[in-house]
Each structure stands twice: as C-alpha cells, then as structure tokens.
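S.K.: Residues per chain, in single letters:
2 protein chains.
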Amino acid sequence: MDRAVIGVDLGGTNLRSALLTEGGDILDRHKQATGVVEGHEKVIRRLIENIRIHLRNAERRGLKVMAVGVGAPGVIHADSGVVVKSPNFPDWNNLPLKQELEGVLGIPVFIENDANAAALGEQWRGAGKNVQSMIFLTLGTGVGGGIILQGRIWHGADGMAGEIGHMTIVPDGRQCGCGNQGCLEMYASSRGIIMNYQEACASDRTNAGARDAATSEMIYQAAGSGEKHALHAVDEMGRFLGIGIANLINIFNPEMVVVGGGVKDAWSLFIDAVRREVGRRAFAYPAERTKIVPSVLGDDAGMVGAAAVAFSRVGVLS
Amino acid sequence: MDRAVIGVDLGGTNLRSALLTEGGDILDRHKQATGVVEGHEKVIRRLIENIRIHLRNAERRGLKVMAVGVGAPGVIHADSGVVVKSPNFPDWNNLPLKQELEGVLGIPVFIENDANAAALGEQWRGAGKNVQSMIFLTLGTGVGGGIILQGRIWHGADGMAGEIGHMTIVPDGRQCGCGNQGCLEMYASSRGIIMNYQEACASDRTNAGARDAATSEMIYQAAGSGEKHALHAVDEMGRFLGIGIANLINIFNPEMVVVGGGVKDAWSLFIDAVRREVGRRAFAYPAERTKIVPSVLGDDAGMVGAAAVAFSRVGVLS
Numbered sequence: 001m002d003r004a005v006i007g008v009d010l011g012g013t014n015l016r017s018a019l020l021t022e023g024g025d026i027l028d029r030h031k032q033a034t035g036v037v038e039g040h041e042k043v044i045r046r047l048i049e050n051i052r053i054h055l056r057n058a059e060r061r062g063l064k065v066m067a068v069g070v071g072a073p074g075v076i077h078a079d080s081g082v083v084v085k086s087p088n089f090p091d092w093n094n095l096p097l098k099q100e101l102e103g104v105l106g107i108p109v110f111i112e113n114d115a116n117a118a119a120l121g122e123q124w125r126g127a128g129k130n131v132q133s134m135i136f137l138t139l140g141t142g143v144g145g146g147i148i149l150q151g152r153i154w155h156g157a158d159g160m161a162g163e164i165g166h167m168t169i170v171p172d173g174r175q176c177g178c179g180n181q182g183c184l185e186m187y188a189s190s191r192g193i194i195m196n197y198q199e200a201c202a203s204d205r206t207n208a209g210a211r212d213a214a215t216s217e218m219i220y221q222a223a224g225s226g227e228k229h230a231l232h233a234v235d236e237m238g239r240f241l242g243i244g245i246a247n248l249i250n251i252f253n254p255e256m257v258v259v260g261g262g263v264k265d266a267w268s269l270f271i272d273a274v275r276r277e278v279g280r281r282a283f284a285y286p287a288e289r290t291k292i293v294p295s296v297l298g299d300d301a302g303m304v305g306a307a308a309v310a311f312s313r314v315g316v317l318s
Numbered sequence: 001m002d003r004a005v006i007g008v009d010l011g012g013t014n015l016r017s018a019l020l021t022e023g024g025d026i027l028d029r030h031k032q033a034t035g036v037v038e039g040h041e042k043v044i045r046r047l048i049e050n051i052r053i054h055l056r057n058a059e060r061r062g063l064k065v066m067a068v069g070v071g072a073p074g075v076i077h078a079d080s081g082v083v084v085k086s087p088n089f090p091d092w093n094n095l096p097l098k099q100e101l102e103g104v105l106g107i108p109v110f111i112e113n114d115a116n117a118a119a120l121g122e123q124w125r126g127a128g129k130n131v132q133s134m135i136f137l138t139l140g141t142g143v144g145g146g147i148i149l150q151g152r153i154w155h156g157a158d159g160m161a162g163e164i165g166h167m168t169i170v171p172d173g174r175q176c177g178c179g180n181q182g183c184l185e186m187y188a189s190s191r192g193i194i195m196n197y198q199e200a201c202a203s204d205r206t207n208a209g210a211r212d213a214a215t216s217e218m219i220y221q222a223a224g225s226g227e228k229h230a231l232h233a234v235d236e237m238g239r240f241l242g243i244g245i246a247n248l249i250n251i252f253n254p255e256m257v258v259v260g261g262g263v264k265d266a267w268s269l270f271i272d273a274v275r276r277e278v279g280r281r282a283f284a285y286p287a288e289r290t291k292i293v294p295s296v297l298g299d300d301a302g303m304v305g306a307a308a309v310a311f312s313r314v315g316v317l318s
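These protein sequence lines are chains X and S, in that order. The first sequence: position 243 = 243 (the working numbering), numbered continuously. The second sequence: position 33 = 33 (the working numbering), numbered continuously.
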C-alpha cells in the first residue's frame with residue numbers, strides 16, 4: 001500500500017489542504033476561507049471536515065495516510081503541538097491543536113509554524129532542493145522567516161527562532177506592532193511598501209486620493225509602468241530587504257536565501273535593489289556564493305512543507 | 001596515562017598557549033608578543049617553540065598530549081586547517097597551518113576561528129556550561145562573533161558564519177573597513193566607543209586635546225567618574241550593542257548571549273543600556289529567558305576553547 005500524508009496550511013485568510021505522495025506530488029487539494037472571526041471551534045471543525053475529505057479520497061486511491069501536518073501562524077510548540085499564541089487567531093491561546101485533532105482523527109498530527117513549514121516545503125520540493133542551509137523569507141502583511149541549518153529547521157530554545165521580520169533595520173524607524181521601532185517588516189512587507197509609497201507621495205503632495213487608497217498590488221503595477229513614487233517605494237523595499245539579507249548572510253553564511261509570499265510578480269522590480277545592498281554590505285565571498293531566489297512553490301509552500309513535516313516526523317523523510 | 005592537549009590563541013597582539021587536562025584545568029601557560037610584522041615564518045617558528053615547551057612539560061608530568069588546538073583570527077577552513085585570509089596577518093593567504101604544524105610536531109593539530117574558539121571555551125569552562133545554544137560576542141578593536149547551536153559551532157556553508165560585528169545597525173552610518181556602512185563594530189568596539197566619544201565632544205567643542213587622545217580605557221574611566229561625554233559614549237555603545245543582541249534573540253531564540261573582550265570592567269557602565277534596548281526591541285518571552293552575561297574566562301577564552309576543539313576533534317569531548 002503506497003504511503004501518503006495530508007498537508008494543511010492554516011492561514012489567517014485561507015485554509016489550504018492537500019493529499020500528497022511520498023514523492024511530494026499533490027493528488028487533491030482544497031482551499032476555502034478560514035473564517036477566523038467565527039472562533040477557533042468552528043475553524044477546527046472546518047479543518048477536520050477537510051481532512052476527512054482527503055482521507056476518503058486516499059482510501060479510494062488505495063493509499064495509507066501516515067499522518068497530518070499543519071502549518072499554523074504564531075508561536076508553536078512543535079514537540080507538543082500546542083499553538084502558544086497566534087497574532088492572526090486572537091482566541092487561540094495555548095490551544096493543544098495536535099491533541100484535539102488526533103483525538104478526533106485517530107492518526108498522528110504534527111504542528112509547525114507556518115513560515116517554518118513553507119521553508120521546509122521549498123527545501124523539499126521547491127527552490128531549495130539538496131540545500132542544507134537556507135533562509136526563507138515570506139513577504140506578506142508581515143515578514144515571516146524560517147531558518148534551515150544542516151537540513152533542519154532551527155527552532156531555537158523555545159520554538160521562537162526565525163523572527164527575521166522583527167530584525168531592527170532602522171534604529172529610530174517606523175513603529176511596529178511588536179513594540180519595536182524600525183523592524184524589517186515595516187519596510188519590506190505589503191504594509192511597508194504602502195508606507196514607502198505614502199512617504200514618497202507626501203514629499204510633493206500630488207494625488208492624495210490615489211496615495212491613500214493604494215494597495216501593494218497597485219503600487220507594483222504603477223512601478224511596472226514607471227510611476228516615480230511607486231518605483232521609489234519598491235526600490236526602498238528592495239533596499240531594506242537587501243540590508244536584512246546582507247545581515248543574514250554575514251551571520252549564517254547560508255547556501256541560499258529564498259523569498260516567498262505575494263511578491264513573485266514584483267521580483268524584477270525589487271531584486272536589483274536587494275542585490276545592490278547585499279553587494280555593498282555582506283562579505284564578498286559568502287555574498288557571491290549565496291543564491292537569492294524567489295519561491296518556486298508560491299502559495300503551496302506552507303501546505304507542501306506541512307506534508308514534509310508529517311512525513312519526516314513518522315520517519316519516511318530523513 | 002592521563003590525557004592532555006595544548007590550546008593556542010594566536011592573536012594579532014599576543015600569542016597565548018597552555019597545557020590543559022581533560023577537565024579543562026590549565027597546567028602551565030605561556031604568553032608573548034606575536035610579532036606579526038616579522039612575517040608568518042617567524043610567527044610559526046615561535047608557535048612551534050612554545051608548543052614544544054608544553055610538550056616537554058607534559059612528558060615530565062607523565063601526560064599524553066593528544067592534540068594541539070589553535071584559534072586564529074580571520075577566515076579559517078576548519079576541516080582542512082587552512083588560514084584562508086586573516087586581516088591581522090596580511091601575509092597569511094591560504095596558509096596550510098594544520099599541515100605545517102603537524103609536519104613538524106608529529107601530533108594532530110586543529111585550527112578554528114578565534115571567536116569560535118572563545119565561544120567554545122566559554123561553553124566548556126566558562127559562562128555557558130551546559131548551554132546548548134549560545135551567541136558569543138567579543139568586543140575588541142572589532143566585534144567578533146561565535147554561534148553555538150545544539151552544542152556546536154555553526155560554521156556556515158564556507159566556514160564564514162558568525163560575522164555578527166558586521167551586521168548593519170545604522171543603514172547610512174559610519175564607514176566600516178569591510179566596505180559596509182553602519183556595522184555594529186563601528187559603534188560597539190573599542191574604536192566605536194572612541195568615535196562615540198569624539199562625536200559627543202564635538203557637539204560642544206570642549207577639550208579637543210583630551211578628545212583626540214582618548215582610548216577606550218580612558219573613556220570607561222571617565223564614564224565611571226561621571227564625565228558626561230564619556231557617559232554618553234558608553235551609553236551609545238550599549239544602545240547599539242543592545243540593538244544587535246535584540247536582533248540575535250529574535251533570529252536565534254538562544255539560551256544565552258555571552259559578551260567577552262576587553263570590556264569586563266566596563267560591564268556595569270553599559271549593560272543597562274543593552275537590557276533597555278533588548279527589552280523594547282526583542283520579543284518578550286525569548287528576551288526574558290535569554291541570559292546576557294559577561295565572559296567568565298576573559299583573555300583565556302580563546303586558548304581554553306582551542307583546547308576544547310582539540311579534545312573534541314580527537315573524540316575525547318562530545
């Protein structure tokens with residue numbers, strides 16, 4: 001009987017899940033709104049329903065489902081499978097997600113932080129195949145991070161490592177929701193790009209209406225057509241991202257840096273600024289050898305990585 | 001026959017060496033000027049003479065010397081024992097130090113970067129006993145770093161990891177010798193403190209003579225007696241060091257941060273500023289659990305750590 005797992009990406013917006021083979025092929029997939037506002041009980045019920053659909057599907061295909069992997073945002077205690085705290089799920093405090101799901105489903109469940117899961121997804125089936133040391137950055141509303149060293153996630157002493165988005169880049173910079181000032185994510189996330197744009201527009205007071213309604217997608221589009229404030233906003237984003245990546249290269253001397261999140265289409269707009277900063281700030285040899293590449297799996301990275309977690313925790317993947 | 005090793009700290013200024021037991025006790029020690037300007041052949045000859053003194057001493061004591069460990073500044077290829085490049089030894093380029101020493105001495109020799117060696121020394125016999133994840137910072141002319149994860153040095157893909165002193169802290173800050181601007185070491189090294197002090201003095205143009213002749217020791221002393229510019233210089237040093245440490249806590253979630261180098265006597269002058277920045281910048285839980293402590297071994301850390309490298313490479317220490 002061939003072996004399979006179910007990978008789940010429990011996002012603040014969408015709940016994605018899939019049935020995957022040992023080779024990482026996606027056999028079926030499901031996506032729906034997470035519905036965070038309805039509370040954790042409804043979200044978990046929805047999650048269980050989706051997993052059961054995959055389980056029935058696996059049965060029909062004659063596959064044995066070994067485990068379920070779940071990538072969830074926030075502070076996760078990976079060993080116990082407890083969601084300690086999650087900014088996207090305000091009512092999830094010390095929620096024993098692994099235990100709750102295992103009690104209902106009767107198969108092993110493993111929980112991992114979502115950015116860590118996405119990093120593992122890229123390593124297993126995406127940009128980082130055969131790479132042993134890799135830093136993964138995901139640019140969304142915030143900036144998430146996953147650190148892979150010697151082929152494994154570095155979780156830190158308490159499972160809280162990898163908060164790369166909260167590296168201070170500008171000591172007296174923009175106020176971040178975490179309490180710090182000048183965090184990388186205040187310059188290189190979608191919110192950061194909007195602030196970069198608003199600051200650029202404010203300098204000449206043009207077009208206040210467009211300025212205030214701008215989304216990161218609109219700014220990327222405007223930059224693509226050569227609008228100067230949008231170009232500046234995206235260049236600033238690349239500059240600060242480049243400072244952060246240069247720091248990571250000097251600290252880790254990794255083989256690869258993978259940038260994911262909703263920025264794939266904008267890659268060509270900011271990557272030159274990233275490379276310019278890395279070139280002038282990081283040590284030459286590690287900077288030249290570190291591949292800086294976009295995510296290959298895109299929105300699938302978290303789900304595929306959660307599957308990788310499941311396979312590795314039951315001993316199928318090393 | 002009891003086992004021993006010889007640990008060597010090959011510094012830009014001093015050459016320190018010692019004979020150590022398995023328990024890390026120092027049986028005899030030697031210190032002399034390195035004499036870098038005389039060229040690498042003379043330095044290596046001096047090194048060999050000192051090691052031979054320790055070997056004779058071991059023989060007299062009835063000890064078997066298993067290996068020699070050498071901590072050297074710069075880029076070291078730890079596996080091959082080659083000094084790839086060393087800023088303090090301009091004529092050391094791809095020098096096969098391990099091979100040269102083994103050829104003469106006839107016992108195994110292992111080479112490690114000096115900051116990494118000092119980190120291992122603190123972990124073995126100093127502040128970090130029983131600690132598995134520890135970041136070591138050494139504040140001297142520059143700021144060196146050693147990263148211990150899961151009990152071992154993280155070398156990076158090419159042995160160049162741990163360049164913590166070259167983390168960008170101020171994007172458009174002071175020009176560093178590495179080519180970057182705003183590196184941590186331009187604010188928190190002894191050179192950095194002098195620049196902090198000179199900037200503070202420049203603001204009111206007093207006492208230009210004292211300002212220009214100041215050393216870091218003089219500034220610490222003046223700060224200890226309450227002189228306002230010196231106090232400001234040391235507070236700035238603590239502030240920037242705190243930003244760097246907060247970043248490291250958010251990235252690594254380590255058990256401990258150890259600060260070494262020539263700052264032990266000044267600890268009480270800057271540690272409050274460090275803790276203030278960590279408190280406002282790092283995530284609360286990892287920040288509260290991370291012990292930030294001074295080096296216990298001081299100037300012995302590199303030599304003791306080089307001995308730890310030697311013991312562990314011959315399989316005596318795990």
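A couple of the hints might just be wrong.
Non-contacting residues of chain X with respect to chain S, defined by C-beta distances greater than 12 Å in every case (computed) [claimed, not checked]:
1) Gly12
2) Glu22
3) Thr34
4) Lys85
5) Ala222
6) Ala246
7) Leu248
8) Glu255
9) Arg280
10) Ser312
List of simulated lysine-lysine pairs, DSSO-like, C-alpha gap at most 27 Å [stated by the list, open to error]:
11) S:Lys85 with S:Lys64
12) X:Lys291 with S:Lys85
13) S:Lys85 with S:Lys129
14) S:Lys64 with X:Lys85
15) S:Lys42 with S:Lys31
16) X:Lys264 with X:Lys129
These aren't lab readings, by the way, just hints derived from the structure by calculation. Values in this document were obtained by computation on a predicted structure and should not be read as measured data. Even glycine gets a Cβ: it sits at the ideal position worked out from N, Cα and C.
S.K.: Determine for every hint whether it applies to the structure shown.
M.R.: Now for the hints, and whether the structure bears them out:
Separation of Gly12 (chain X) from chain S is adequate, the least Cβ-Cβ distance of about 19 Å exceeding the 12 Å criterion. At roughly 28 Å from the closest C-beta of chain S, the C-beta of Glu22 (chain X) stays outside 12 Å, upholding its exclusion from the interface. With 12 Å as the threshold on Cβ separation, the claim that Thr34 (chain X) sits away from chain S holds: the shortest Cβ distance comes to roughly 24 Å. Under the 12 Å C-beta cut-off, the non-interface status given to Lys85 (chain X) relative to chain S is violated; the minimum distance is some 9 Å.
At the 12 Å boundary, the C-beta of Ala222 (chain X) stays outside the reach of chain S, the nearest C-beta of that chain being 25 Å off. For Ala246 (chain X), the shortest C-beta to C-beta distance to chain S comes to about 6 Å, within the 12 Å cut-off, and the non-interface label is violated. Non-interface status of Leu248 (chain X) relative to chain S is broken: a Cβ of that chain comes within 12 Å, the nearest being about 8 Å off. Distance check for Glu255 (chain X) against chain S: the nearest CB is about 5 Å away, which does not clear 12 Å, and the non-interface claim fails.
Against the 12 Å criterion, Arg280 (chain X) falls within the reach of chain S, whose nearest CB is about 6 Å from its own CB. Every Cβ of chain S is farther than 12 Å from the Cβ of Ser312 (chain X); the closest lies at roughly 17 Å, confirming the non-interface assignment. Taking the CA atoms of Lys85 (chain S) and Lys64 (chain S), the gap is near 33 Å; set against the 27 Å cutoff, the hint is violated. As the CA atoms of Lys291 (chain X) and Lys85 (chain S) are separated by approximately 23 Å, the hinted pair is consistent with the 27 Å bound.
This hinted pair does not check out: Lys85 (chain S) and Lys129 (chain S) have alpha carbons roughly 31 Å apart, beyond 27 Å. In summary, the hint linking Lys64 (chain S) to Lys85 (chain X) is not supported, as the alpha carbons are separated by about 54 Å, beyond the 27 Å threshold. Simply put, Lys42 (chain S) and Lys31 (chain S) have alpha-carbon atoms about 16 Å apart, close enough for the 27 Å limit, and the pair holds. This hinted pair checks out: Lys264 (chain X) and Lys129 (chain X) have alpha carbons roughly 19 Å apart, not beyond 27 Å.
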